[in-house]
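Trainee: So you can see what is in the structure, the chains are spelled out below.
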Amino acid sequence: MIITLGEIVRWIVYGLRRGYYRLARWLLRGDRLLWRSERKFRSLLESAPEAIVIIDAHSHIALVNRQAEQLFGYKRQEIIGQSISDLISERSRAEHRAHMRGYMRDPDARPMGMGPALYGLRKDGSQFPAEISLSPLETDAGLLVSSAIRDITERREIERAKDEFVSVVSHELRTPLTSIRGSLGLLASGALGPLPPKGQRMVEIAVLNTDRLVRLINDILDIERIDSGTIDLHPRPCDGAQLIRRAIQGVEQFADQALVTLAAEGEAVQMYADPDRVHQVLTNLISNAVKFSPASSTVRVRCTRRDSEVLFEVADDGKGIPAGKLAVIFERFGQVDASDSRGKGGTGLGLAICRKIVEHHGGRIWVDSQPGAGSTFSFVLPAQQTNGSPPEPQVAL
Amino acid sequence: MSQMHVLLIDDEDDIREVAALSLQAIGGWKVSTANGGQAGIALACAARPDVIVLDVMMPDVDGPTTLRRLQADARTRGIPVIFLTAKAQSADLRGFARLGAAGTLTKPFDPMTLTDQITTILTREG
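Residue numbers (the numbering used here), protein chains in the order written: chain X, 1 to 397; chain R, 1 to 126.
If you are wondering where the hints come from, they were derived from the structure by calculation, not from laboratory data. These figures come from a predicted structure and were not determined experimentally. The beta carbon of each residue, even a glycine, is placed where N, CA and C say it ideally should be. One or more hints might be untrue.
[What the hints assert, rightly or not] Some chain R residues near chain X, calculated using beta-carbon distances under 10 Å: (1) S2; (2) E12; (3) D14; (4) V18; (5) A19; (6) I26; (7) M57; (8) R77; (9) A102; (10) G103; (11) K107; (12) D110; (13) P111; (14) T119.
[As the list claims (entries may be wrong)] When the alpha-carbon atoms are kept at most 20 Å apart in a straight line, the in silico EDC-like pairs for lysine to aspartate or glutamate are as follows: (15) K87/R with E224/X; (16) K40/X with E50/X; (17) K87/R with E69/X; (18) K291/X with D256/X; (19) K87/R with D227/X; (20) K87/R with D219/X; (21) K162/X with E172/X; (22) K87/R with D73/R; (23) K162/X with D50/R; (24) K87/R with D110/R; (25) K40/X with D140/X; (26) K75/X with D56/X; (27) K162/X with E224/X; (28) K30/R with D92/R; (29) K87/R with D256/X; (30) K30/R with D110/R; (31) K75/X with E50/X; (32) K87/R with E90/X; (33) K75/X with E46/X; (34) K87/R with E95/X; (35) K123/X with E90/X; (36) K87/R with D276/X; (37) K87/R with E164/X; (38) K30/R with D14/R; (39) K40/X with E138/X; (40) K30/R with D50/R.
So here's chain R without its partners, still in its complex pose (with noise of 0.2 Å):
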């Protein structure tokens, strides 16, 4: 099975880089990262990813936003992405599942397990 390849779209530079060392250093993941929207989406248009672990709340283009241009665009359709965020709130994650979104991770998240949250997600996505 070829490595596995995480886009990490967040704008807070310290969480980016602790989930990247997490899917790294635990998963043996390849991560990519963008700090906001718009970056993501040029960055998930060209690397095609097999997974986007997004941000909820971003001051440039926003988690739901971002999706929604992710799902409008042929080259990333396909891609499943999994909100993380700190809007933990029943109702909120009902909302991101009505988004199509595949999963949500909450933060803070424990990075031992990061890897392991993000594979039952997917296999539960088939």
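Just chain X, same shape as in the assembly (with noise of 0.2 Å):
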């Protein structure tokens, strides 16, 4: 068979159109997917509930959505390729820099309610407090960053409210309770003449109720404060073995009472924390292993150094954690069992209060515990200052 050059050069043009044709419907196709992809993201943008700013690498506004225009009061043309810095509060720029360079180093999904709270900055100049979530978005023109941003103004308020009325009430609840423990201590302690064997007992009965309401009224006015953020930290250089050494003083007795011997391990570490809050944990977390430690055992208090944080562990071989209970034991009233308040003279509330300073200072708090084979409560706090301010928490705009 004879092929004339014209019909390969009809061949090689149908096979051209024909390969032309195929490209530009798979070019429409992959076109029409990649609007509609980005309808989708588009359309998903504008009906979350929170105002939401997307940011590129170098702090620039990418996409806002309608209810980020409706916090800040700008129209989106405004702000787009406009500095993030502009939307924060000038009290709280030098803050959020610092945690954008940390967070740049190391992006990943940071919740809501979890940092601190920065202060926003609208366009008529006023100022709100916002609460900041953080996701990374890896795409073609580099990595955008998304920020879930909520005024949290009313909430502050019903918590500043909160909190006067939990010091009013707790001031309100002390003075009666003053005479109370007052009256009863004299009595128990004879200091007024003897009082009958069974009168003794109802009065030293009295006296220990007492003191567990007052422990009480204590640590809820503590867990509230500590949540509404007027918690006091005052961080400060200070030697974790010190600490330890301080708050074993301080449970020493009540441990000589259980027939617990308290073994101080391990040899200085500087750190960066709240000495008196830091005691606060670590006498919180000695007493409860004391209290569910059977006679003549020990336990084991030690700090190192780990990286850039300082470990604490308190070891017990006491009776152990089921696994069930092991998420819940630092949230409030989590106990193993709700009878361990009352056998054991616990609120209920130390190891949330516990859980709640250790986060303050940018640190995180878990237990290992197995029934039966005793338990290890250890926490980290960052070892050193950072910039001048205290160590970063973990979470931040």
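Hints in hand, dock the two standalone chains.
Mentor: As structure tokens, then:
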């Protein structure tokens, strides 16, 4: 068969045409998918209940939703391309910049409510306390960061009112308790004359329970203050081992009564934290360990430097914690057994307070335990001060 | 050593009675009492106690104002003042120290150790 040059040219043209149409169809379909995907993304963005601001790696605003326009008072065309700093109050800018630098080094999803509240700045110059969550978005154009921003002005006001209420109630409860505790203490001591044995026992029970009530009031006040952000943290350089010794001294008498030995392990470890609050955490963990330890056992307390953190551990040979309870043990009234608070004289708030204090330092607290094999409560705190300010909390805008 | 003389200023009758009994029965101290800041200042000028234990929240003249007036009067300036308060937050305690109080005791107090706590504060103050 003879194939003419014309036929060859025709086939080539035909093939090229088919290829072109296929390529065009493929491109059109891809474009359509891309367009659909983008439309879905924008629809999701606009339907989000929170104000969303998406910034690029240079902290320039790339995208905002309607809620963000309403929250900050800008039209989107006014702020897209501007620096995110334009939406941050002057008083929060330095902190924000420091956090963003840290975030860009290690971008991961950071949920709302765990970081410090920064102050947002509206177009009209007014400010508002804001809570922020962060999510990294990997795109062809590079890393973007999506921030969901919540105005917490109203919540702050409620918290302030609640804090004031708790403070007043606490004061009003303490005043009559002072007379009750004082009277019972004098009676129980025998300073006012001997009581019959049953009367003596009853007064002693009343003293113990009055003290428990006082502890409960103190703990409630403490946890409410931490929750409302009015906790007083005064971080400064301190020695972890010294804090352990001080905490052990405070619990020693109680441990002696329970026939439990306290052992401090480890050497001096320099750190930057509020020593009074770390002492509070250690005292709480060591007291708990003693409460749940069998007689003649030892509670071991130690601290060690671990990279940029200081690790504290309080280990006991007690009855341990069931796996199902490990997740709630740091919640308020999250005891293994509700009768624990009655039987062991606890308030059910101690571990929740410990967790709050540790988290306010930018640290973490956890427990390793198996029923019958004892428990080890551990917490880590940042070892050093960063950027002339307290260690960076875990979450930031 | 002569008997310690304490002036106790608190608007709560029951607390005054319990604290006075505790200081007398446990410490063997002499105790004078006043039910408010104004009366307390007058008694302090007249009786010159060794130490003043002062409530913070009182309706007529509150504790901080009473302290300032005591410090302003040459007759009472040298008497150490210890706050006795139900306001036990660390910020409150630092505030009391800044006012010039020798120390702070928190309510509720243990009547068996009240004299010891006052003695410790006075010893620390030197």
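Trainee: Quickly compare the C-alpha distance for K87/R and D276/X to 20 Å and report which way the hint goes.
Mentor: Within the cut-off at roughly 18 Å; holds.
Trainee: Between the alpha carbons of K30/R and D50/R, is the straight-line distance 20 Å or under?
Mentor: 10 Å, holds
Trainee: Would you check whether D14/R satisfies its interface hint, that is, whether its CB is within less than 10 Å of any CB in chain X?
Mentor: OK, holds: D14/R within 10 Å of chain X, min 4 Å.
Trainee: Does the structure keep K40/X and E138/X at a Cα separation of 20 Å or less?
Mentor: OK: K40/X and E138/X at ~17 Å, within 20 Å.
Trainee: Is the hint on D110/R kept, meaning its closest Cβ partner in chain X is under 10 Å away?
Mentor: It holds, given that the least Cβ distance between D110/R and chain X is near 6 Å, below 10 Å.
Trainee: Would the hint on P111/R be counted as holding, given a Cβ-Cβ threshold of 10 Å to chain X?
Mentor: Holds - the Cβ of P111/R comes within 10 Å of chain X, reaching about 4 Å at its closest.
Trainee: Take a quick look at whether K87/R and E224/X sit within 20 Å of each other, Cα to Cα.
Mentor: 15 Å, holds
Trainee: For the pair supplied as a hint, K162/X and E172/X, confirm whether the alpha-carbon distance does not exceed 20 Å.
Mentor: 15 Å, holds
Trainee: Is the interface hint satisfied for A102/R? The criterion is a beta-carbon contact with chain X at less than 10 Å.
Mentor: 20 Å, violated
Trainee: Is the hinted pair K162/X and E224/X satisfied, with a Cα-Cα distance of at most 20 Å?
Mentor: The hint holds at about 8 Å.
Trainee: Does S2/R meet its interface restraint, that is, does its C-beta lie within less than 10 Å of any C-beta in chain X?
Mentor: Status violated, d = 23 Å.
Trainee: Would the hint linking K40/X and D140/X be met if the CA-CA limit is 20 Å?
Mentor: 18 Å, holds
Hint compliance for this structure: hints 1, 8, 9, 10, 14, 17, 22, 23, 28, 29, 32, 34 are not met, and every other hint is.
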